[in-house]
Amino acid sequence: SAVISQKPSRDICQRGTSLTIQCQVDSQVTMMFWYRQQPGQSLTLIATANQGSEATYESGFVIDKFPISRPNLTFSTLTVSNMSPEDSSIYLCSVVSTSGSTDTQYFGPGTRLTVL
Amino acid sequence: AQSVAQPEDQVNVAEGNPLTVKCTYSVSGNPYLFWYVQYPNRGLQFLLKYITGDNLVKGSYGFEAEFNKSQTSFHLKKPSALVSDSALYFCAVRFGNNRLAFGKGNQVVVIP
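Going down the list, the protein sequences come from chains Z and B.
For reference, each letter of the first sequence is one residue, going 24 to 139 in this note's numbering.
For reference, each letter of the second sequence is one residue, going 19 to 130 in this note's numbering.
Take these hints with a grain of salt, some might be off.
Lysine-lysine pairs mimicking DSS-like chemistry, simulated, CA-CA at most 30 Å apart [unchecked claim]:
1. B:76 x B:87
2. B:122 x Z:88
3. B:40 x B:76
4. Z:88 x Z:30
5. B:122 x Z:30
6. B:40 x B:87
In case anyone wonders, no lab produced these hints; they're calculated from the structure.
Could you build the full structure based on these sequences and the hints that come with them?
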């Protein structure tokens, strides 16, 4: 499986500001995703980060709020813009790795964001 | 639309006893099902997956899961629970292009 790192691991931010989260993979991967885990809740898919093109967002998530970059096959960033306390969550990136005949998704350690 | 249900919020089990975490799913087409575990302050770790073939799937740390198509279930099991198994467990179903829909998660507490 791929080794995935995220920066920062945690941050405390003021409302109205923006934070960019980085996701680095130790090997080239075709598919990368960003998820949000709100306190005490499950994971919700934000978007698919497409290399060389615009991200594909899930219902309820928009590019202006969560701009995503994917400049190459090993790196992606997620920006949480104009933050409010409701954005306090763990943000996780994931990658798909082909294992045997089927792809498996592996997750980074997450970025714990607190918005005051 | 795809969905995953994990009906219990918390599962309490005595150490050494069998552990079962329940999951039912709804998805169009053939189900690709996954179990992940999340330890405190750590990311999600992949446990096992069902794609096709045997209904009993074996995974990491002694866990296994049983796929039941007629009941649309994919329950996670471990014959003898350890205190170190205490964690948050998520069931997920794949949809679209490798996207995952997760259940709400189950907190497992193994009592010494």
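A quick look at each hint next to the structure:
With a CA separation close to 17 Å, the supplied pair residue 76 of chain B and residue 87 of chain B stays within the 30 Å bound. Pair hint residue 122 of chain B plus residue 88 of chain Z holds up; C-alpha atoms about 24 Å apart against a cutoff of 30 Å. For the hint pairing residue 40 of chain B with residue 76 of chain B, the CA-to-CA distance comes to about 16 Å; that is within 30 Å, so the pair holds. Taking the CA atoms of residue 88 of chain Z and residue 30 of chain Z, the gap is about 19 Å. The hint holds against a cut of 30 Å.
Proximity of residue 122 of chain B to residue 30 of chain Z is assessed by CA-CA distance (about 26 Å); at most 30 Å being required, the pair is judged to hold. This hinted pair checks out: residue 40 of chain B and residue 87 of chain B have alpha carbons roughly 14 Å apart, not beyond 30 Å.
The structure agrees with every numbered hint stated previously.
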